[in-house]
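The listed protein sequences derive, respectively, from chains A and B.
For the first sequence, UniProt numbering assigns the number 1 to the initial residue and increments by one for each residue that follows.
For the second sequence, UniProt numbering assigns the number 1 to the initial residue and increments by one for each residue that follows.
Mixed in with the good hints, there may be bad ones.
Unchecked claim - Derived DEER-like restraints, expressed as beta-carbon distance ranges:
id: 1; chain 1: A; residue 1: T10; chain 2: B; residue 2: F76; range: 23 to 31 Å
id: 2; chain 1: A; residue 1: V232; chain 2: B; residue 2: E272; range: 39 to 47 Å
id: 3; chain 1: A; residue 1: L25; chain 2: B; residue 2: S293; range: 18 to 26 Å
id: 4; chain 1: B; residue 1: L342; chain 2: A; residue 2: M233; range: 27 to 35 Å
id: 5; chain 1: B; residue 1: G82; chain 2: A; residue 2: M233; range: 53 to 61 Å
id: 6; chain 1: B; residue 1: K57; chain 2: A; residue 2: F127; range: 43 to 51 Å
id: 7; chain 1: B; residue 1: L202; chain 2: A; residue 2: L25; range: 17 to 25 Å
id: 8; chain 1: A; residue 1: V232; chain 2: B; residue 2: R115; range: 36 to 44 Å
id: 9; chain 1: A; residue 1: E115; chain 2: B; residue 2: D219; range: 47 to 55 Å
id: 10; chain 1: A; residue 1: L114; chain 2: B; residue 2: D219; range: 21 to 29 Å
id: 11; chain 1: A; residue 1: A145; chain 2: B; residue 2: L61; range: 37 to 45 Å
As the list claims (entries may be wrong) - Output of the computed footprint for chain A on chain B, the stretches with three or more beta carbons under 8 Å from beta carbons of chain A:
id: 12; region: 42 to 52
id: 13; region: 177 to 191
id: 14; region: 196 to 209
id: 15; region: 313 to 322
Hints were generated in silico from the structure; no laboratory data involved.
Since this is a predicted model, take the numbers as computed values, not measurements.
In this text, a Cβ means the ideal position worked out from N, Cα and C, and glycines have one as well.
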Amino acid sequence: MRQSPRDTETSSRRISRRALVLGGLQTGMLGVLGWRMHQMQVDQADQYRLLADENRINMRLIAPARGLIYDRNGVALAENAQNYRIVIVREDAGDVDAAIARLKQLVDLDPDELERALREVERRSPFVPVTLTDQRAWEDVAEVAVNAPALPGITPDVGLTRNYPMGADFAHIVGYVGPVSDYDLDRMDDDDPLLQIPKFQIGKTGVENKLERDLRGKAGSKRIEVNAAGRVMRELGRDEGIPGSDLQLTIDSGLQNFTQARLSLGMSAAGVVMDVRNGDLLAIGSAPAFDPNKFVRGISSVDYSLLTDNIYRPLANKAVQGAYPPGSTFKMMVTLAALEAGEVTPDETIWCGGYTKVGNRRFHCWKRGGHGHVNLEESLQHSCDVYYFDLAQRVGIDRIAAMARRFGLGSHFDLPMSAVTAGIMPDKAWKTERYGQDWRVGDSLNAAIGQGYVLASPLQLAVMNARLASGTAIEPRLVKSEGGIETEVRGAVSLGLNENHLRMVRKGMYAVSNTRRGTGYGARIADDTMLMAGKSGTSQVRNITAAERARGVTSNADLPWERRDHALFVAFAPYENPRYAVSVVVEHGGGGSSVAGPIARDILLYALHGGLPPLESYPSYQRDEIRVMQESLPLRGAEGGEESSRA
Amino acid sequence: MSYLEYNVKRVPTGLSKVLYLNWALILLLTAVASVGFLMLYSVAGGDISRWAEPQIKRFVLGMVLMLTVAMVPIWFWRNMAGLAYGVSLLLLVVVEVAGTTGMGAQRWIDLGFMRLQPSELMKITLVMFLAAYYDWLDIKKTSRPLWVLIPLMIIIAPTYLVLHQPDLGTAILLVAGGGIVMFLAGVSWWYFSVVIAAGVGLVAAVFTSRGTPWQLLKDYQYRRIDTFLDPASDPMNAGYHITQSKIALGSGGWTGRGFMQGTQSRLNFLPEKHTDFIFTTLAEEFGFVGAISLLTLYALIIVFCIISAMNNKDRFGSLLTLGVGATFFLFFAVNMSMVMGLAPVVGVPLPLVSYGGSAMLVLMVAFGLTQSAHVHRPRGR
Numbered sequence: 001m002r003q004s005p006r007d008t009e010t011s012s013r014r015i016s017r018r019a020l021v022l023g024g025l026q027t028g029m030l031g032v033l034g035w036r037m038h039q040m041q042v043d044q045a046d047q048y049r050l051l052a053d054e055n056r057i058n059m060r061l062i063a064p065a066r067g068l069i070y071d072r073n074g075v076a077l078a079e080n081a082q083n084y085r086i087v088i089v090r091e092d093a094g095d096v097d098a099a100i101a102r103l104k105q106l107v108d109l110d111p112d113e114l115e116r117a118l119r120e121v122e123r124r125s126p127f128v129p130v131t132l133t134d135q136r137a138w139e140d141v142a143e144v145a146v147n148a149p150a151l152p153g154i155t156p157d158v159g160l161t162r163n164y165p166m167g168a169d170f171a172h173i174v175g176y177v178g179p180v181s182d183y184d185l186d187r188m189d190d191d192d193p194l195l196q197i198p199k200f201q202i203g204k205t206g207v208e209n210k211l212e213r214d215l216r217g218k219a220g221s222k223r224i225e226v227n228a229a230g231r232v233m234r235e236l237g238r239d240e241g242i243p244g245s246d247l248q249l250t251i252d253s254g255l256q257n258f259t260q261a262r263l264s265l266g267m268s269a270a271g272v273v274m275d276v277r278n279g280d281l282l283a284i285g286s287a288p289a290f291d292p293n294k295f296v297r298g299i300s301s302v303d304y305s306l307l308t309d310n311i312y313r314p315l316a317n318k319a320v321q322g323a324y325p326p327g328s329t330f331k332m333m334v335t336l337a338a339l340e341a342g343e344v345t346p347d348e349t350i351w352c353g354g355y356t357k358v359g360n361r362r363f364h365c366w367k368r369g370g371h372g373h374v375n376l377e378e379s380l381q382h383s384c385d386v387y388y389f390d391l392a393q394r395v396g397i398d399r400i401a402a403m404a405r406r407f408g409l410g411s412h413f414d415l416p417m418s419a420v421t422a423g424i425m426p427d428k429a430w431k432t433e434r435y436g437q438d439w440r441v442g443d444s445l446n447a448a449i450g451q452g453y454v455l456a457s458p459l460q461l462a463v464m465n466a467r468l469a470s471g472t473a474i475e476p477r478l479v480k481s482e483g484g485i486e487t488e489v490r491g492a493v494s495l496g497l498n499e500n501h502l503r504m505v506r507k508g509m510y511a512v513s514n515t516r517r518g519t520g521y522g523a524r525i526a527d528d529t530m531l532m533a534g535k536s537g538t539s540q541v542r543n544i545t546a547a548e549r550a551r552g553v554t555s556n557a558d559l560p561w562e563r564r565d566h567a568l569f570v571a572f573a574p575y576e577n578p579r580y581a582v583s584v585v586v587e588h589g590g591g592g593s594s595v596a597g598p599i600a601r602d603i604l605l606y607a608l609h610g611g612l613p614p615l616e617s618y619p620s621y622q623r624d625e626i627r628v629m630q631e632s633l634p635l636r637g638a639e640g641g642e643e644s645s646r647a
Numbered sequence: 001m002s003y004l005e006y007n008v009k010r011v012p013t014g015l016s017k018v019l020y021l022n023w024a025l026i027l028l029l030t031a032v033a034s035v036g037f038l039m040l041y042s043v044a045g046g047d048i049s050r051w052a053e054p055q056i057k058r059f060v061l062g063m064v065l066m067l068t069v070a071m072v073p074i075w076f077w078r079n080m081a082g083l084a085y086g087v088s089l090l091l092l093v094v095v096e097v098a099g100t101t102g103m104g105a106q107r108w109i110d111l112g113f114m115r116l117q118p119s120e121l122m123k124i125t126l127v128m129f130l131a132a133y134y135d136w137l138d139i140k141k142t143s144r145p146l147w148v149l150i151p152l153m154i155i156i157a158p159t160y161l162v163l164h165q166p167d168l169g170t171a172i173l174l175v176a177g178g179g180i181v182m183f184l185a186g187v188s189w190w191y192f193s194v195v196i197a198a199g200v201g202l203v204a205a206v207f208t209s210r211g212t213p214w215q216l217l218k219d220y221q222y223r224r225i226d227t228f229l230d231p232a233s234d235p236m237n238a239g240y241h242i243t244q245s246k247i248a249l250g251s252g253g254w255t256g257r258g259f260m261q262g263t264q265s266r267l268n269f270l271p272e273k274h275t276d277f278i279f280t281t282l283a284e285e286f287g288f289v290g291a292i293s294l295l296t297l298y299a300l301i302i303v304f305c306i307i308s309a310m311n312n313k314d315r316f317g318s319l320l321t322l323g324v325g326a327t328f329f330l331f332f333a334v335n336m337s338m339v340m341g342l343a344p345v346v347g348v349p350l351p352l353v354s355y356g357g358s359a360m361l362v363l364m365v366a367f368g369l370t371q372s373a374h375v376h377r378p379r380g381r
C-alpha cells in the first residue's frame, strides 16, 4: 500500500512520540533495577555477606588429647594409644564390593561391623571417608598399606583411643571411658560441643568419670570452606584447643598390683593401703576385677553378662562402695570413747563369764566359756566381747558414735571414685529418724562389737587405722597432682585426743599381733624393725539360728558362701614409727585373724620393703608356705615390683 | 514506496556502507559480550576452554552475521519478514511435534552443529513481521478493531506454541515485545488499557484455577510463583535458586570480592551459574560498581537504538529498531529482576552474557537488522 508523504511524516512523529514514552518507561525500570542493586549490595550487603559465609564456612571440632593418668612414680595408668583404622572413600574405590572382597583376603573383617560400614558408605557422600573397622593390630594396617595398589580407595588411618596398660589392676580406681550415649547427655547437663562428636569417649566410671572435665580438655576447632555438596575445599583457620590435664595418683602401681593379686586369693575381697603421714592412698584393691580395655572397645554382651552374673561382683569397687559390719575392728573406737570419757582405766578388769544379760536377753561372747578377768589390753588381745558390752553400757552409743566419727566412720570422703559410701555410724537420733524407734541397750551392745547397724567401708577402716596410728585427722588423698600442681595434704593436725589413751589402744593392737595369745599372732611380722599392730574382726552376716544349731551347723564351713561371716583385719606398721595403715575385708571369708590377717600382713610387708618381702620377715614355720604363695601370685613381672618405691 | 519520497541515491552503496554503520552500537555490543567472556572464564574456575572459548567463537560468528545482514538493504528484509515469521512458526510446530526433549521441555531442533531454538528466532521475526505489517498498513486504519485483531493473532499464535512447550519466560517476552511494537505503531491507548485490565483478570484466573481440573499452568510453574512470593519457604528446593542468587548478589557489596573470588559460584552454591544466573557472579565479584556498570552499558545500547530509530524516517526501519531494542531491554530487565528477586524465575538469559548459542546468534542477527535500517535509512534532501 502506498503511503503519502504526509502520512509518513505523521507516522514518523507518532513513532517518535511513542518511542519517547517507551523510553520513559524503560528509564523508570532501569531506575528500579539500579535501586534494587543498591539496596541489596550496599544497604544489606553485610547481611548477605554473613549468609554467604554461613554457606561456605563450617566449623569442625578438633578433639583435644585426653589427659593422661600416672601413678605416684610416673607409671602410666591410662594413656592415649594409636587406634589403627581402615577407612574407605567411595569415589576413590570405584567398585566398592570388589575392593572389599580383596581386603577380606588380607585381613579378617567382622561381618556385622562390615555390614554397618557398608550401609554408612551408601549413605554418605562419595568423598567422605568411612571407617570399615577400627582397633586393628599394626600388622593389619601394614598389610593394607603394602597392598595399597590393589585396594583403591582403602587406606589405613590412625586416631587416638584410651588404653589402660595396667589392665584389671586399676579397673576400679581409674575406671574406663566409653562412647558418649544419649543417656549420658541427658544426665550430664554439659553443653560442651565435644560431646556431640559421634563416639566421643568420656569417662564412665572411676577417676575417668569423676574428673571428666579436667581430663577432657577444651575443644579445638578448624574453620573449613565447603562447597555446596559439602566437600572440604580448604582450611581457613585452626585452633588446637587445650589438651586435658594430666593426673598423678597417689597409688603405687607395684603395690596395687600386689594387693590385687593377693586379694584375689581370697575370692571376693577388698583392701586399702594408706600412708598415715600424708593420707596418700597407696593401693585400693577390690577383687575380682575386670579388664577395662574391653569396655573401651565396646564389650560383647557375653562378656558383660559374665561380669554381671558373677556372685563376686567384679564390677563393684568394694574398697569404697562396700559397707560391711566392722566387727571387732570397731572395738578401738569404744575403747577410746570410754578412756576419753573416763569411764574405764587401763588396769580395771571386767569379768567375762561368756555372756552378758540385758533384761532377759543374753549377749554371748565369741568364746563360749568366757575370758575370765580381762583388762583393757587383754580385751583387745583376745577380742573379748563381754568387756565391750560392759563399756558400751557405761559410755552410751552417742559418745561412741561421736568418737567413731572423729575417725572417719560414717563420713563421706570426697574422692574421685564411683559411689564412695559413707557407711553408717548410728546413734540415738539416727535410729529415731531412720526407724522411728528408740535406741535400746541391746543396740549399743551390738554396736560395741561392730555389729548391728554399724557399717563401714574398707577405705573408712583404713582411714580409722591411719588416724589411730598417727593421732592426726589425716584425710585420704587419691590425686597427688593435677596438671603439674600438687594437691594439698589435708587433716595433718592432731585429733586432740590424750596421747596416752591412743598409746594404750595401740599397745592393745600390738598385743593382738605380737603376743602368743593374741588373735593375730599367726599373721605377725617376724622382722623386729617392722613389727605390726593389728586387730581382727569377724562380722556375722546373720545369726546361726537355734534350729540350725540343733541340726549341727556350728561353723562357717557348713554354711553356703553368701551366709558365711565376713573376715576383716586392720593393721599398721612399723609399730614404733607408723608408716602404713592397711585394712582388708574378705567377703564371707570366715575368721578375720586366719583369713584377712595374713593378707593384711603380706600387703604391709610389700609396702614396707617396696617389693616382694624376703622370707625372713615371716615366722620361720610359715616360710615354705609363703614361698609357694609368692611364686603362685600372678604379678606383673619383676620390674613392676622394682619400680615401686617409698616415696 | 515511501523511499521514493526521499533521495534513495543518497543511500550509501558497496563497501562504503561500512562507514555508515552504527559503530557506537557495535562497540557497546562488543563491550557487553566481553563482560560475558570474562564472567564465563571466572565461573569455570579459570578455565577458558569450558565456556568462554565457545562463546567467543559464537560472538565472532554472530558479528560476521550481523555485518552481513547490515550490508543487505533493509527493504529486502522487509520483504522477507512474512517468510521469516512463517518459517519460525513452522519450526515451533515442528518442535511441538517432534522436538528433542531436553531439560524437561521440548525447545530445540538439533541441527547437528548446533541446537536451534525456534522460540529464540521467533522473538525477532515476530517484531520484524509486525514492523512490516504496520509499514504496509494505512496509518488511518491502525486503531480499527479488525486491523488490531490481525497483529494480535500474529502474536498469539507463537505465544500459544511456546507456552505449550512450556516456556513461560519466552511467552512473556513474545507478548511484551509484540505489544510494544503495536504500541509504537500508534495503536490507541484504549486497547492497551483493556488488555492490561484483561491481564490482571487473567492473573486472577490463573490463581483461582489452581488445583481445579481446568488449571491453566503446570504445577512446577505454580511452585515457581510460590517460591517467588516467598523464597524462604523452601530454601533447599524450589527456593534454592533465588535464595542463593540473592546471597551471591548481596554479598558483593560496593566493590565485590574480586575477580575469580566469588565464593558462591566457585563453591557451586549458585545454580546455572553460567547461564541464567551469570549476573549474580558478576555482582558478587565486582560488586555494586560492576553491576551498575553493566546496567549502564545495556542502557546505552537502548539509547542508541532509540536515537537511531528517531532519526529514521522509514517506518519499517524505525519500528524494527525500536522493537529489537525493546526486546533486548526486556531480556536483561527480566533476567536482572529475576536474579534480584523482583520477578519469578522464568528462564530468561542475560543477553550476550549468558552462555548459549541460539540467543546470541539471534540477537546479533537482530542487531544486524537495526544496522541495516541505520545504514539504509532514507536521507533527506
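Hints, verified against the model:
no. : hint                           : verdict
1   : T10/A with F76/B: 23 to 31 Å   : holds, 26 Å
2   : V232/A with E272/B: 39 to 47 Å : violated, 24 Å
3   : L25/A with S293/B: 18 to 26 Å  : holds, 23 Å
4   : L342/B with M233/A: 27 to 35 Å : holds, 32 Å
5   : G82/B with M233/A: 53 to 61 Å  : holds, 56 Å
6   : K57/B with F127/A: 43 to 51 Å  : violated, 35 Å
7   : L202/B with L25/A: 17 to 25 Å  : holds, 21 Å
8   : V232/A with R115/B: 36 to 44 Å : holds, 37 Å
9   : E115/A with D219/B: 47 to 55 Å : violated, 40 Å
10  : L114/A with D219/B: 21 to 29 Å : violated, 44 Å
11  : A145/A with L61/B: 37 to 45 Å  : violated, 55 Å
12  : 42 to 52                       : violated (count 0)
13  : 177 to 191                     : holds (count 5)
14  : 196 to 209                     : violated (count 0)
15  : 313 to 322                     : holds (count 5)
In terms of the numbered hints stated before, the structure departs from hints 2, 6, 9, 10, 11, 12 and 14, listed from lowest to highest.
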